[in-house]
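*Asks:* Each chain, written out:
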Amino acid sequence: MEKSIKRYFPIFLGPTFLAFIIGFIVPFLMGLYLSLCDFRTVTDAKFVGFSNFAKAFQDAEFLHAFLFTSAFTVVTVVLINVIAFAVAMVLTQNVPGTNIFRTTFFMPNLIGGIVLGYIWQLIFNGILARYDLALKISAKYGFWGLVIVLCWQQIGYMMIIYIAGLQSIPGDLNEAAEIDGAGAWQRLWNVTIPNMMPSITICTFLTLTNGFKLFDQNLSLTAGEPMKQTEGLALNIFNTFYARVGYQGVGQAKAVVFFILVVGLGLLQLRMTRSKEVQQ
Amino acid sequence: MKNRKKGWIATAILTIVAVFYVSPLFIVLMNSFKKKAFINLEPFNMPSEKTWIGGENYANAISDYGFLKAVLWTLVITVGSVVVILICTSMFAWFITRVSNRTTRGLYTLCVFSMVVPFQMVMFTLSLVTDRLRLNTPWGLIIIYLGFGAGLAVFMFCGFVKSIPIEIEEAAMIDGCSPLRTFFSVVLPIMKPTYISVGILETMWIWNDFLLPYLTLDLNKFSTIPITIQRMQGSYGRVDMGAIMASLVLAIIPIIVFYLSCQKYIIKGVAAGAVKG
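Each protein sequence line maps, in turn, to chains Z and W. According to the working numbering, the residues represented by the first sequence are 1 to 280, in order. According to the working numbering, the residues represented by the second sequence are 1001 to 1277, in order.
Just chain W, same shape as in the assembly (with noise of 0.2 Å):
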C-alpha cells in the first residue's frame, strides 16, 4: 500500500519534470505561426490575433529556402546510406569471422580503430578527396558514409555473427548452398535483430549529420536539413526567424514520427549498442 502511494507521487514528480522536458519543442511550433518580428519579442506568449501570421512562415520556408528539396536529398542520402551499409558491412563482418587469418583480423582492428577517430581528423582531406574523386553528389555520399560508418556497423554485426553457430551454416553449405546463398537465406534471418539495430544507430547519425555533407556536398547543387537550416542563420542579410521556427518544425516532425512508430526497437537498438560498445 505504501508502495503503491510513494509510486504514484514520483509519478506526479515526473509528469511536471516530463511537461518541462518537452516544452522546448511546443515553444518553437508556437513561434512558428507567429509573425517573425515577434518572435524574438516575446517568444513565451502564445499567438494573440496580433502576432498569428498561419502557415506563411512555412510558405516561405520552402519557397524561399528550398526547403523541401532538402527533406528530399536527406532522405535519398540517409535511406541509400543505411541500406547499402546494412548489406555490405553485414557480409564484411560475417567473412571476416568465419574467414580467420592475420589479414582478416587486421581489418577488424582498422575498423575498430576508424570508431575512435574523430571526423576533424579527417574533414580536410577528405573533402578534398571527394572533390576530386567528383562523389561530391548525395550519390556519392552513400560510398562516403560506407566507409566512415562501416566501424561500428562491421563491430555490431561480428559481435552477433560469433555467437551464431556455424553448424547451421556448414549444414546448409553441405546441402549445396553457395556461401552467397548460404548468407542470404540463412545467416541474414538469423540477424534481423542486429539489422535493425545497426540500421537505428545509422540512420539516427546520417540524418541529423552536419558537417559531413556540409564539406563534401557541392552547396549549389544540394542542401540537407541541417545545412539548410544553418545557411538561413547564417550571414546572408537579415535572420528570418519565421522560417526558421517553420523549418525546425518541419525538421523535427519527421523525426517524432519515425521515433513513436518504432520507439521499442530505438530503444533496445541503443541498449544493444551500448552493450556491445
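Isolated chain Z, as found in the complex (with noise of 0.2 Å):
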C-alpha cells in the first residue's frame, strides 16, 4: 500500500510543503543569518558577527522589556492557573446551571486582543477617572491592567482544559480516599492533582508561553506608556524594528534571542512538570 501512496506525493505533500517553505523555513532561515547582518533592506545586508546581540544586550530598554515580561509571566501563570483550576473544581460539583457558566466564563476568550485591549482601557481608565487618575500615567496601572486583561481572557479556556482532566479521573479513585478516612484538602492534594498533572502541564505551559508572547493586549491596552514602562518583550521587539531607522539588524538579533527564550523555557517548563506526572 505504502508504495502506491508514494507516487501521489506531489498532491498530498505539494501544496502544504510549499506554503510552509515560503511562510516558514524561507523567513526563519533568513531572520537567522540577519540577525548577523548589519542591513536596512536584505539587499544591502553586510555581515557583522555577534555585534548586533552585543548591542541588543546593552540595550536598557531590552532589559527593562525581559523583567517587565517576566514578572508579567510570573504572576498570569500562578493567579490563571489557580482561579481556572478553583472554578473548574466547582464546576464539576453538581452545581444547577453549570453549563451555562461554562459558556459565559469561556466567551472573553474568542474575543481577539486589539478588541480585548481597548474594551478594558475604557473600563480602568472610567474607573480611574474618579480619582483623577489614567492608565497610562504609571507603569503600576498598565502591569495589573494588563494582567487583568489577561486572566479575563483566558481563565476560560484553562477552566474548560481542567474540566476535562478533572472528569477524565475514576470517580472510584476519590471515594475509596474517602472510606480510608481522607478529608477533602488531602484528597485534594494526594489524589485529584496527582491525577491532573498531564492537564497542569498543558495549561501551565500555555499560560507561560502565552504570557511570554504577549503582543496584541500590550499594545492596545498601554503601548507601553508610560515612557516604555510597560513594554513587553514582543512589543519592544517590534519597535526596535520599526520606529527605530537602523536597528533592523538589533531587532532581528532581539528576535532570535526571544525565540531561545521562549523555546528553552518551554522545554524546561514540559520536563519540570512531566516529571511530575503519574501512570495511570
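Hints in this document: simulated from the structure, not taken from any laboratory. Every residue, glycine too, gets a C-beta built ideally from N, C-alpha and C.
Example chain Z residues on the side facing chain W (calculated, C-beta under 10 Å, incomplete):
no.	residue
1	SER4
2	PHE105
3	ALA164
Here are a few chain Z residues that sit away from chain W, every Cβ distance over 12 Å (derived from the structure):
no.	residue
4	PHE57
5	ILE137
6	VAL147
7	ASP180
8	ARG271
Grab the two chains, each in its own frame, and use the hints to assemble them into the complex.
*Replies:* See below:
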C-alpha cells in the first residue's frame, strides 16, 4: 500500500510543503542569517558577526522589557492556573446551571487581543478617572491592567482543559480515599492534583508561552506608556524594527534571543511538570 | 439535601461573578450609543437624553473607516485560510503518517518545531518575502496562513490518523480505489471530529490575528477588523471614541453568534487540542 501512496506525493505533500517553505522555512533561515548582519533592506545586508547581539544586550529598554515580561508571566501563570483550577473544581460538583457558567467564562477567549485591549482601556480609564488618574500615567496601573485583561481572557480556556481533566479521573479513586478517611484537602493534594498533572502541564505551558509572547493586548492597552515602562519583550522587538531607523539588525538579534528564550522555557517547563505526572 | 443547598449557594455566587464577567461587553454596547464627548467622561452611566446619539457612531464607523469592507476581507481571509488549511494539511498528515521513512519523520519534526517559534522571530523577513512574491493581498495571505498554521494542524491530524485502523484503507485500495479516492471517501469522513476541532482552533486564531496581516497586507488597499480598530486609535488627529465603541461592538457580535451557534464543538475542540498539545 505504501508504494502506491508514495507516487501521489506531489498532490498530498506539495501544497502544504510549498506554503511551509514560503511562510516559515525561508523567513526563519533568513531571520537567523540577518541577525548577524547590518541592514536596512535585505539587498544591503553586510555580515557583522555578533555585534547586533552585543547591542541588544546593552539596550536598557530591552533589559527592562525582559524584566517586565518575566514579572508579568510569573504573576499571570500563577493567577490564571489557580483561579481556573478552582473554578473547574466548583463547576464539576453538582452545581445547577454549570453549562451556562462554562459558556460564559469561556467567551472572552474568542475575542481578539486588540479588541480586548480597547474594551478594558475604556473601563480602567473610567474607574481611574474618578480619582483623577489615568491608565497611562503609571507603569503600575498598566502592569496590573494587563494582568486583569489576560486573566479575563484565559481563565475560561484553562478552565475547560481542567474540567476535561477532572472528568477523566475515575470516581472510585476519590471514593476509596474518602472511605479510608481522607479529608477534602488530603484528597485534593493526594488524589486529584497528582491525577491532574497532564492538564496542569498543558495549562502552565500555554499560560507561560502566552504570557511571554504577549503582544496585541500590550499594544492596544498601554502601547508601552508611560515612557516604555510597560513595554513587554514582543512589543520592544516590534518597536526596534519599525520605530528606530537602522536598528533592523538589532531587532532581528533580539528576535533570535526571544525565540531561544521561549523555546528554552517551554522545554524546561515541560520537563519539570512531566516528571511529576503519574501513570494511571 | 445538604448537598443540593450547597449547590444553589454556589450557583448564586457564580451568577454574580458571571454578571461581572460579561459586564465589560455591555458597557461597550451602552457607550456605542452615546455622543463621543460623553464616552470618556462617564463610561458607566446609561445613555441619557442628553448623551444619546442613536446609530450615528455605527454610521461613522462604516462610512469614515470602511468598517464593513474590513469585515468582508476578514471573512474572506479566515474562511479561505481555514478551508485550505483543513484540506491541505489533512492530506499532508495522512501521507506522512502512512508513508513512514526518514523524510516524512523529518517533516513531522519540522511541523512540531514551527509550532513553538514565536512570530517575532520571522515577522520582519516574512513581510519581505510576501512583498517580493506579491502575496500581500488577502488571497496571498491564505498561502501564508497555510504555511504558518500548518504546524498545529498537521500535529493534530497526525495524532488522529495514527488511531485509524489501517485495514479499512487497505480494503478500499484492494477494491481498486486510488490513494486520492481512498483519502476523500474513506479517511476524510472518519476524521470529521478532528476537522471540526482544527477548524475551530484555526478560525479563532486567524479571525483575531493582528500582527501578521498588519505586516504583510498592502494596507492602502486592504484592511481587517483588528487593523481597522488599531488604526482608529492611532495617531491620525483626534480619536473618535464613538466610532471605536461602535466598531468594538461590530467586531464582537459575529464572534458571539459564531460561539453560541457552535459552542458545543468549540469547547470540545479546545479540550481535544489541549490533550494532543
